[in-house]
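**Student:** For the first sequence, the numbering used here gives the first residue as 659, with consecutive numbering after it.
Note that these hints are calculated values from the structure, not bench results. These numbers come from a predicted model, not from an experiment. It is possible that some hints are incorrect.
With a straight-line cut-off of 25 Å between C-alpha atoms, the simulated BS3-like cross-links for lysine-lysine are [to be verified]:
1. 939 to 1064
2. 741 to 714
3. 773 to 870
4. 824 to 1111
5. 789 to 1002
6. 795 to 773
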Amino acid sequence: MLDIQILRNDLAGVAARLATRGFVLDTTKFEQLEGERKVIQTRTQELQAKRNSASKQIGIAKSKGEDVSAIMAEVANLGDELKQAEVQLGEVQIALQTMLEVLPNMPNESVPVGKSEADNVEVRKVGSVPKFDFAVKDHVSLGEGLGGLDFETAAKISGARFSLLKGGLARLHRALAQFMLDTHIDQHGYTETYVPYIVNSASMRGTGQLPKFEQDLFQVSFGGTSNKAAMVNVYADKFLGDGLVANDANIKVDVENWYLIPTAEVPVTNMVRDEIVPLEKLPMKFVAHTPCFRSEAGSAGRDTRGMIRQHQFDKVELVQMVHPDESYVALEQLLGHAETILQKLGLHYRVVKLCTGDIGFSAAMTYDIEVWLPAQNTYREISSCSNFEAFQARRMQARFRNAQGKPELLHTLNGSGLAVGRTLVAVLENYQQADGSVVIPEVLRPYMGGLEKLAG
RNA sequence: GGAGAGGUGGCAGAGUGGUCGAAUGUACCUGACUCGAAAUCAGGCGUGCGGUACUCCCGCACCGAGGGUUCGAAUCCCUCCCUCUCCGCCA
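Build the full structure now, drawing on both the sequences and the hints.
**Tutor:** Set out below in structure tokens:
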């Protein structure tokens, strides 16, 4: 969420910066709502002050045994007026909040301006494109040849966009995750975490998946029919008053739901939601290995072959909560931590800085790491490392106590370190041999019982 | 699933309709005493929002969450969430 103060003070500036990422800010609507808010809030608070002082006087008078009918008469008509003002205030505040919650973050000044993926800037290439003196196979053919990759059975069990691993491939998948975790814990100073895979809507709201991207998520029902929260816990009730119902067309109602995490970023980052952490606890660095669940609603027909784009995949996620002054240094470090994994695995990759038109909703700056896939003859995203500045922290009220002792929003970052499924794909394709076998990278062999090669 | 107890400021813990944003203790900060420290004494010490006003002023809101009753709610009523204890079931 953006700081409403910045919108008040420099609306045109915000609009200009959001425009670089292709977002049109409705400044007229904001100014109108903000104007209304100011009038209504001032009036409401005046009425509340009046009620408070009158009530206090009644209390004092009664304790002295004096007659209170005169003061009572004075506030007799206050009730209705106040209630009406409070309802109006609630409505305008919800409208403002609803507008704010769907505004994307402002890109950092140094993010290259561009419209799409095509305008992203390559930062560096590490390693070189591997040469093969035979016709390369893709990971699907390799995996099926090795007898460990079975999409048909996965489809029978679940449906499209699921995969099933067996034997050496399943173990290689596990080895990759273990190797990544161990590296980040032992060499990069991250604290290992095990977190819930089902989260509430407040957590999704905190990191920015809600309210705008609900269609990308899997929602979880409770006990088969209604989930417990659908028993309607409507936070807007206070403002809606008696006359309005929850599904009133103009008012967004927040019903408490459960969702499967689309990334460990959600549960891990939300650890600090509604917290004020001591200054000396920063930076906080956490790593988690979790499955991730995505509906892929908007990508029908894309990457349908293989395990590149699945409803369920594993990812090792790096998350940091840092002092605002440190977040860009931390981003470079976090990126380096992710790159280390690829380097140790001996995989060729490049780092790309996303342009304003391609960065995600919550991010102020993002680097993607793209690994070379020989069968596709191209680079594919295997990690995305972002600095969210205070965007998520403001939604979460995640703060630290600064040197002056005052609560201040901290900065959050995260990055894949790495996507396990795609790393498996990269290892299979890059380490394939002419006979269809796959050499196991040396760093993984300790996790594979010393095995050097997967062969059918 | 059954029965019971409870959710108040960093922590502990009072407060069952009225000058309560909230006693007291403790932790923490400042000052005094001291060569210094401890002890002691004095003072300070929640968060968010608004008023063109970050550290000065004023107001509003917040005692798990959301509703309700009332001139007035931490306190009474309703719903939900969470925690703890015992029993049952279960990996």
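**Student:** Are the hints correct? Go through all of them and say.
**Tutor:** A quick look at each hint next to the structure:
no. : hint        : verdict
1   : 939 to 1064 : holds (15 Å)
2   : 741 to 714  : holds (19 Å)
3   : 773 to 870  : holds (21 Å)
4   : 824 to 1111 : holds (16 Å)
5   : 789 to 1002 : holds (19 Å)
6   : 795 to 773  : violated (34 Å)
When held up to the earlier numbered hints, the structure conflicts with hint 6 and nothing else.
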